[in-house]
Amino acid sequence: MKEDLIKGCRKNSRKAQEALYREYAPKVIGICRRYATERDDADDIFQEAFINIYSSLKKSKEEIQSLEAWIRRISVNTAINYYHKNKKYADNLSIDYAKGQDYNQEYEKILSKLSMQELLELISDLPLGCKLVFNLYTIEGYSHKEIAEKLNISEGTSKSQLSRAKNIMKTKINHSNKVRYESIA
Amino acid sequence: MSQSREEDKFGGHFRDRFESWEDAPPADGWQKLNKSLDAEDNSRKKWYALSVVALLLLIGGGYYLLDSNFINIGGGATTTVMSNSNNDLLLEDVSNTSVSSDQADGDMPSSDCASEENDFANDNISLQTQNEGNESPESDGTVGDIPGNDKGKAAQPPSAEVNESSIFLSNSSNDDKNSKGEKRSKSGINNTKAKSERYTLNAQKTVRGDAYAGNEKIFSEKSETSSEKKTSSEEELVPELVNDASKSDGRRNTAAYFDSNKTSSSAEAGASELKSSKTGNNDSSTSGLEKEDKNSPIISYEENSGIASDDNHNKNSKEEQTIEKSSPLSIPDSLESEKTEELKKEKLKDEELKQEKEEQNKELKHSKWSLLLGADVNYSFKHIIPQNDLLYISSVDNMNELSLKNAGYEISLSARYKLTDRTSISGTVSWLNTRDNTSYTYTPLVADSVEVINVSPDSFDVNTFMNVSHNEVQNSTNYVGLSVGFLHKVRLLSVERSLFADFRLMKVVSSKTDLNKSGHLFDRNSTIGSVQVGVENPINIHRFQMIISPYFELPFSSLYSSKSVYQMKGSRVGVSLGIPLNIGH
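For the record, the sequence lines run as chains L and Y. Its first residue numbered 1, the first sequence is counted upward by one per residue in full-length UniProt numbering. Its first residue numbered 1, the second sequence is counted upward by one per residue in full-length UniProt numbering.
Simulated from the structure, these hints should not be mistaken for lab results. Take the hints with a grain of salt, since some may be wrong.
Straight line, CA to CA, 27 Å or less: simulated DSSO-like cross-link-like pairs of lysine-lysine [to be verified]: (1) K15(L) - K45(Y); (2) K150(L) - K563(Y); (3) K59(L) - K11(L); (4) K35(Y) - K2(L); (5) K9(Y) - K113(L).
Covered by chain L, according to a simulated footprint, are these stretches of chain Y (three or more residues, beta-carbon under 8 Å) [as the list claims (entries may be wrong)]: (6) 8-17; (7) 48-55; (8) 400-412.
Treat the numbers as computed from the prediction; the structure is a model and nothing was measured. We put the CB at the ideal spot given by N, CA and C, even for glycine.
With the rest of the complex left out, here is chain Y (with noise of 0.2 Å):
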């Protein structure tokens, strides 16, 4: 009791003068701690930097993925929008040639002058048939009613073959002509004015009459009926005709769909169409058009447009011959329809080598750079190294158990650039966790305490107590690593695989230490080098490509420094899925 009251007065002494003594700190304290806080906090900034760089890499190459993808869609989807566009086009096409021809005046684009051209080629063909009509009342319906129209001729394809499709054409020129007889008796709507409304009516055609077999019923029909109802209308219809300059303006204003230039001589050409139209025979009216050819500002139109061209007619004549022989009720809609298709195919041709050559230019860019983004997980083995100091590890007791408490994560991107067909650099930026859980014995080896026994005045013995402790540690360590690496292309097992080795620089960013109850030490070594060799896999997956990459890591140094409680220099075992992606679009 006096002992430990002594031992209180003992030590009371140095608490009372020690407990707030101060003393004068160091005169460059304050300078060397402002220094390392300085270190730390670029070295700080530094590795934030390098963070939000592999960020925005991520980040970049994960848009470039989705990007990318979206271009396939989207390229998918171009493909098929633009041959639906292109069919929406086509069809837009013939529902505009309808729709400019049922304007009659409208702006016609320069390119429906096919389509136009047969409108244009029944209207004409209807005023000849209604002059005609007037003058020669035998021939309706007839070969030999063809039209000495210039236009007419113009638009149709010269004489053999006009005289063969005429029969048709006359027809519909009647019907056409019968229903304008119709509309004039009953209201008294001017020429021009049924003219139009003939138009909207083969324009309704074109539109709803896709189908050609049905056209040809209709006009079939209509060729029926107009040729009956026909005599009673054509009286009223030839002075009319004669006398209407609406009609020369109406073609006039289809002319100018073609050529809005030349439609100040209109009339005059209405006037020289109308005069040769009286001659009644084919031979006149070829004779005409030969004249014409020279002086009509219309042929002149034609002959510019190149589509009314002497050599095209005989391209076209010939076309259309082999439809009419095939086809000898085929009407000027099917004819329209085979140049659409025609022109379908062949622009849907130019789509398929544009794409093509797309493609190529593409393949081209991105031969040389791509990127592989990568996610993996790893398995930590453990070589320890005891320490040789007051700690003495008796063994471990899950030196290489199998367990999640070994297994980490990587996130890495890599860039690459292909040196040859079969080499390639690459650098990568990655984010990697390691895990590793170590059950362990230790003893000090410093004793706890020591027993003095036997003391002699020459000698004594003295005994050693040392505990026997066990410790578990679980150890996560996160870094961020840069790497830089080559990859070779090899066969094996009849499939194209990359070798590929990779030196990677790795600097601790975070790192946590649980289950160590005994508090012992693990401080983590800053940076850590390692080697990385692999095989790269490609597999694909319904057309998606990825890359399966199987590697075995060795870092050259201790994972913990040698001030922690042992040193682990273990080898890493991973598999790596990645993402390839081209750059260079």
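Bound-form chain L, shown alone (with noise of 0.2 Å):
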């Protein structure tokens, strides 16, 4: 079937791409709206991920072992080239943010409570580098040194950014009336 779908996209069958969208596109627009700071952002990500996808398997005449994973490496890259050619981010460094130290010890508790949508605010709320570098890090499973060579930043960036994404969100769990409100209950 997957085969099936790689052949027809590799001949540029507008039936199979469009299966494959059908497919993968609620698993695509997932990983876009995490990197995305909006969902317009998030839907621009998306056209071109898919885009991208169908170019890299007509360019591209190597066995895919899963299509799965190499779609959402595909997506991701994507999310990062879009990050790179839009340079949205202007990260001024937030003196609150940077001394922030209040945290919240009880908010594995609260993040647990937490809905999809209240998570994923959390990741849009952040700085578009802290951001990426959580997805990466956090979700994808990359490592300090590949974030910094994807992103063309030193280790120590990525690491900090990542500190600093985790306090940015913390702060925002402790101060929110949710968190108060499970912090008081």
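Two chains, two separate frames, one set of hints: put the complex together.
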């Protein structure tokens, strides 16, 4: 089935392309939304990701072991390129975030009770650089070295961005009404 | 340790829930995607079509080049062949004449009449001589032996000239007669057969003995031997000739070469010839001719043929007279050769005139349109505009270093139309490759990391850390270009040169970025406009015309888009080598 899809896409068959889209679009949009700040950005990345998937399939004649993992990798790379192209993030250092030290020790409990949408909002609200590093490290499982290569930054920067992302999220959790409610409760 | 465990737990919440998270794709996601895919396909098809057209034009141009070369070579060869073939034809004419004479009854082409004339004259004269040999043997081999044979007369120039040339003619006829006589006396072969053998001999003489002197010697020798042998053979010959109807048939058959319609009366003509030949003097033969001019079908043939008409006779006789005066021993073969030479010259002149006309026609046809097949090398100068973004390019290490890494190439085919003698317009299809190698040092504007120090209740200090890095990139881009322009001829440094200016639109076909280890983005602008100016210098190498054109090209926009690490609005210089091709044949 997947081989047929791959073969069809390599032959530029529109039917095969549509079938691939129908099957993997939900996963791809999930990835895109994690990396994008806004929904529109996520849609742009999504569109570009599928064009890249089709063109990569046509260009590459190598055997694809896991189509899902391969599509995931292409989508993540597209998101990173989008980050490079748009360069929207102006990672102005927030002093508040930088000096924020008041961690709520009970955030673990709180996190488990947060909905997917709330978690996604936590990620989306992160500065772009921090969001990229957090997504790549925490969810995609890349190492700091790999992230440094991909984002053209130093390893130390990757680590600090991750740390910063977590601090921001924890701070947000602590300051959110829900967190306070949970804490009181 | 406990902190890292906490970190893992924190991340774990997100990993577990987002790793395979799916969301609803945009409602019109596929429609948008489909549209963009269609647009991409159409764009690709369009450029493929353009590439195919350009390729076909190139192939056509190449074919034309080869073809025109072939035609030129062929033209030269044709000329040579033509002249050769003329020679051949002329030689063949001569040989055909001889061969056809040899065949005696064959279908002789009408163009061979002139040469046939001589053989025919020989034949008739020999007959006359034989007749006269019977009736007045003392006249053999003398001027007075010129027969009143109308055919002989017709074939030969009128009386006076014939008298002079008849020395040889009668001798040669004696020779023929003797040979016939010998053959007849030995093997009993009839007269016609013997005559055809004589034709064969004559033909062989004509073919083999192209050299006049050789012929003269041969004939003079033969005339000597024939006069010796004559006395023994003439007695046998004469009665046969008188009674031999085949003799007149032979003449008729020879006459049939010239006019097959008039062969029916040849027997009568033969009889009248024999009668007139018996008069035995020039005057009577002339009068016989005059009489037969009106009545004889052979004479009427001669009138119609336009070869033996009186005017032509006069002309021919004058020519022959001059030849014979200069060379009393000149023979019919030599006259024939003179004539063939004259014909040859005339034909050559005609051909030259034809060729001139053809060339003029060709020039007229070629005068408006022409093609130029060109190839060139170019060098790209860089003018780098750093982007106002995350990277600060502090220095470019090889700004305009002369290196092959910055050299590209171009292949083009342009069609030109001449507006005036000096001004032309042109349209060009080209394949352009540009390359640039850039080595630069950069610093990210966003700090890699920060260190907060001296934190106090009111203030704190922040140290930022930014890596200074180095990157080298080798970019290569292929474009398909379409350009329009104009050329104007001017006289520069005492040579006619053409100044040209082209406006060009280039579309990216493919691109490649190498050595780019840092992952910097080099996104090409898909379409670029540029203006090109230069000078065309014609050069001739061994009659092969070429055009060398140094040029300068300035693009209107950057090669790289604003998304790239930097923009580059580089100019290009190059030298083009072109082959002009005329069209219209």
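Going through the hints against the structure:
With a CA separation close to 20 Å, the supplied pair K15(L) and K45(Y) stays within the 27 Å bound. A distance of roughly 17 Å separates the Cα atoms of K150(L) and K563(Y); the hinted pair therefore holds under the 27 Å criterion. The hinted pair formed by K59(L) and K11(L) meets the criterion: a straight-line CA distance of about 11 Å does not exceed 27 Å. At roughly 24 Å between alpha-carbon atoms, K35(Y) and K2(L) fall within 27 Å of each other, so this suggested pair holds.
Simply put, K9(Y) and K113(L) have alpha-carbon atoms about 14 Å apart, close enough for the 27 Å limit, and the pair holds. Here the segment 8-17 of chain Y counts 7 residues with a CB under 8 Å from a CB of chain L, which clears the bar of 3, and the coverage holds. Only when three residues or more bring their CB closer than 8 Å to a CB of chain L does the claim for the segment 48-55 of chain Y stand; here the count is 0, and the claim is violated. With a cut-off of 8 Å between beta carbons, the segment 400-412 of chain Y has 0 residues touching chain L; three or more are needed, and the interface restraint is violated.
In the structure shown, a violation is registered for the earlier hints numbered 7, 8, in ascending order.
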